[in-house]
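Whole structure, please, built from the sequences with the hints as guidance.
Line by line, the protein sequences are chains A and B. Residue 100 in our numbering is what sits at position 8 of the first sequence, and the numbering runs on without skipping anything. Residue 12 in our numbering is what sits at position 9 of the second sequence, and the numbering runs on without skipping anything.
Read the hints as simulated data drawn from the structure, not as lab findings. A quick note: this is a predicted structure, and the numbers were derived from the prediction, not measured. The reader is advised that the hints may include incorrect statements.
[Stated by the list, open to error] In silico DSS-like links for lysine-lysine, alpha-carbon gap of 30 Å or less:
id: 1; chain 1: B; residue 1: Lys126; chain 2: A; residue 2: Lys304
id: 2; chain 1: B; residue 1: Lys248; chain 2: A; residue 2: Lys304
id: 3; chain 1: A; residue 1: Lys253; chain 2: A; residue 2: Lys187
id: 4; chain 1: A; residue 1: Lys135; chain 2: A; residue 2: Lys145
id: 5; chain 1: B; residue 1: Lys231; chain 2: B; residue 2: Lys248
id: 6; chain 1: B; residue 1: Lys231; chain 2: B; residue 2: Lys126
id: 7; chain 1: B; residue 1: Lys272; chain 2: A; residue 2: Lys128
id: 8; chain 1: B; residue 1: Lys126; chain 2: A; residue 2: Lys135
id: 9; chain 1: A; residue 1: Lys128; chain 2: A; residue 2: Lys145
id: 10; chain 1: A; residue 1: Lys145; chain 2: B; residue 2: Lys126
id: 11; chain 1: B; residue 1: Lys231; chain 2: A; residue 2: Lys187
id: 12; chain 1: A; residue 1: Lys253; chain 2: A; residue 2: Lys145
[Stated by the list, open to error] In silico contact screen, one side only, chain A against chain B (beta carbon under 8 Å); selected entries:
id: 13; residue: Ala99
id: 14; residue: Thr126
id: 15; residue: Pro127
id: 16; residue: Lys128
id: 17; residue: Ile201
id: 18; residue: Pro203
id: 19; residue: Leu214
id: 20; residue: Ile318
id: 21; residue: Asn321
id: 22; residue: Leu333
We treat Cβ as the ideally placed atom computed from N, Cα and C, and that holds for glycine.
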Amino acid sequence: MKPSLLASFNRAGAWVLLMFLVLPALIAIPVSLTPKRFLSMPKGEYSLRHFEKLFTSEEWMSSFGQSAIIALSTSLLATILGTLCAIGLWRVSSKYSEVVRAFLLLPLIIPQIISAMAFYRLWIPMGLLDSYLGLILAHTILATPMVLITVSASLANFDPKLEQASRNLGASNWVTVRRVILPSVRPGVLAGALFAFILSWDEIVVTLFISKYSVYTLPRRMWNGIRENTDPTVAAAAVVLIALTIIAFVVYAILSRRNAKVKTSL
Amino acid sequence: MLALRKHISPGWWLVAPFFLLVACLYLGPILNILWLSLSDPEPGLQNYSKLVESDTLARIMWTTIRICVITTGFAVILGYSIAYAMVHAYRREQSFMLTFLLVSFWISILVRTFSWLMLLGRKGPINEGFEAIGLISEPVAFMRNELGVLIGMVHYMIPYAVLPLLVNMQTLDQRVMSASRNLGASASQTFFRIYLPMTTPGIVASALLVFILSLGFYVTPAVLGGGKVLMVAEYISVQLLVTVKWGVAAMLAALMLAGVLAMLWIMSKFMKLSTVFGGASS
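What follows is the structure, encoded as structure tokens:
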């Protein structure tokens with residue numbers, strides 16, 4: 093069937109829209125190269141001074157470090173909790189497990205502002221405000237549902253007979269989980285870990301509520317820079333973040349391609 | 004005890020750690036907030052009656068709902084166009100399109116908001132470009148008003164609108180459309196009378212998802228609205244962090260939560276929720 097005129101028109105429109113989604117972010121590149129001291133478009137002259145400032149600024153570097161620590165810890169914790177949870181729910185597979193699954197996805201669905209209120213409310217009496225532990229715990233609760241989703245998706249393709257075979261051959265519960273189930277849901281676990289990392293690395297709303305001085309993550313510092321709207325160092329930081337996003341995406345694409353290859357070879 | 008343990012599937016032990024974490028550290032304080040909406044500063048419904056009494060609150064609610072409805076409308080229509088093109092594209096083009104969609108999905112919300120701040124400013128490239136080609140004689144205020152908030156929000160929400168539509172369109176039986184064409188219907192008749200009705204579940208799921216996400220949206224309205232466009236999420240943060248009034252903030256949170264849960268319930272009638280929220284990972 094030949095595509096109709098309307099369909100080809102729509103196809104062109106869709107590409108314009110996809111450009112509209114991605115291209116605006118690239119404005120950060122020229123702005124970061126301005127030779128001036130304030131946020132502006134460079135006119136003919138370019139300078140790398142704002143990148144130099146970014147990489148030599150103690151404040152920005154400490155924010156990069158703090159965000160990395162928090163996001164890595166969150167990703168690790170969320171991956172462990174989420175994977176265990178997904179395997180558990182898959183094992184149970186009853187109508188109760190579906191209710192529990194819906195309940196456990198709530199942190200992902202409930203608006204972030206309400207989550208922020210909840211953590212703020214509880215962290216005050218617990219003394220967790222403005223601490224690494226407070227941020228890591230909050231981010232872990234928000235990110236684990238992501239891992240639950242990706243691992244559950246991998247488990248949906250896993251043949252339960254493999255588990256039965258392992259048990260029949262005498263493997264214990266734990267050995268079955270570790271040597272049979274985990275290896276086959278690896279792509280889901282890795283994707284979940286990546287998503288959890290990104291969620292924490294980019295989280296701002298909850299962070300605004302529960303951090304103040306001693307923990308100052310990268311999004312927090314960018315937020316400040318955006319609100320002040322003067323220092324072009326923010327633009328340099330934005331360019332670095334875009335570059336990191338593209339690297340993360342390439343990693344993800346390679347992972348999912350490998351996953352697809354495994355699937356077709358089976 | 005032993006009898007009880009026999010009935011409990013061992014799988015629950017794996018679920019327990021995260022379940023306890025969510026129940027104690029997340030659900031607990033949320034229930035506490037719901038309770039606060041009825042008890043702070045004194046027991047009663049006075050926080051809720053402020054909705055009718057206070058003009059400010061009524062205006063904020065109205066602004067929020069209006070912006071969310073417009074955002075949802077634009078995001079779903081534009082998302083439909085992208086999803087339709089993706090489903091009907093050749094494999095190679097499809098994967099290119101998916102790459103663009105996912106990259107935009109992954110770019111930090113702060114980077115995107117910052118970009119719009121640069122693009123839409125009075126001396127930004129959009130205003131200067133329009134002036135250079137003589138379209139406008141003086142800079143247009145794209146920011147610090149609802150227009151700016153809408154541009155930023157629609158831009159952020161389009162990828163979320165596309166995913167449920169994509170899931171829905173991929174499951175359609177293409178033979179139905181071929182049958183319609185073979186029986187003499189034109190391309191547009193086939194689209195409007197066959198295709199569009201068949202994608203209703205996708206449209207509903209996508210609209211509700213975008214609406215839910217828009218309701219609690221904080222970053223873009225706060226920056227691009229520049230204090231002129233006050234939505235519920237920003238108002239809550241001001242109430243808590245500046246004036247420290249838990250009662251009103253808790254009441255707004257309770258309403259928002261009720262709205263979100265109601266919409267999720269409607270959404271579950273149209274689509275398996277896990278396919279919507281798992282869409283990004285497939």
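Outcome of the hint check:
1. Lys126(B) - Lys304(A): Cα-Cα ~33 Å, so violated.
2. Lys248(B) - Lys304(A): holds (19 Å)
3. Lys253(A) - Lys187(A): holds (21 Å)
4. Lys135(A) - Lys145(A): holds (20 Å)
5. Lys231(B) - Lys248(B): holds (21 Å)
6. Lys231(B) - Lys126(B): holds (20 Å)
7. Lys272(B) - Lys128(A): violated (56 Å)
8. Lys126(B) - Lys135(A): holds (13 Å)
9. Lys128(A) - Lys145(A): Holds - the C-alpha atoms of Lys145(A) and Lys128(A) are around 13 Å apart, at most 30 Å.
10. Lys145(A) - Lys126(B): Holds, because 25 Å separates the two Cα atoms, which is no more than 30 Å.
11. Lys231(B) - Lys187(A): violated (48 Å)
12. Lys253(A) - Lys145(A): With Cα atoms ~58 Å apart, Lys253(A) and Lys145(A) exceed 30 Å; violated.
13. Ala99: OK, holds: Ala99(A) within 8 Å of chain B, min 6 Å.
14. Thr126: violated (11 Å)
15. Pro127: violated (16 Å)
16. Lys128: Cβ of Lys128(A) sits 12 Å from chain B, so the hint is violated.
17. Ile201: Check passed: Cβ of Ile201(A) comes within 7 Å of chain B, closer than 8 Å.
18. Pro203: Hint on Pro203(A): holds, closest Cβ of chain B at ~2 Å, below 8 Å.
19. Leu214: holds (4 Å)
20. Ile318: Since the shortest Cβ distance to chain B is 5 Å, the answer is holds.
21. Asn321: holds (7 Å)
22. Leu333: Where the cut-off is 8 Å and the nearest Cβ of chain B is about 5 Å from Leu333(A), the hint holds.
Hints 1, 7, 11, 12, 14, 15, 16, counting from the list given before, are not met by this structure.
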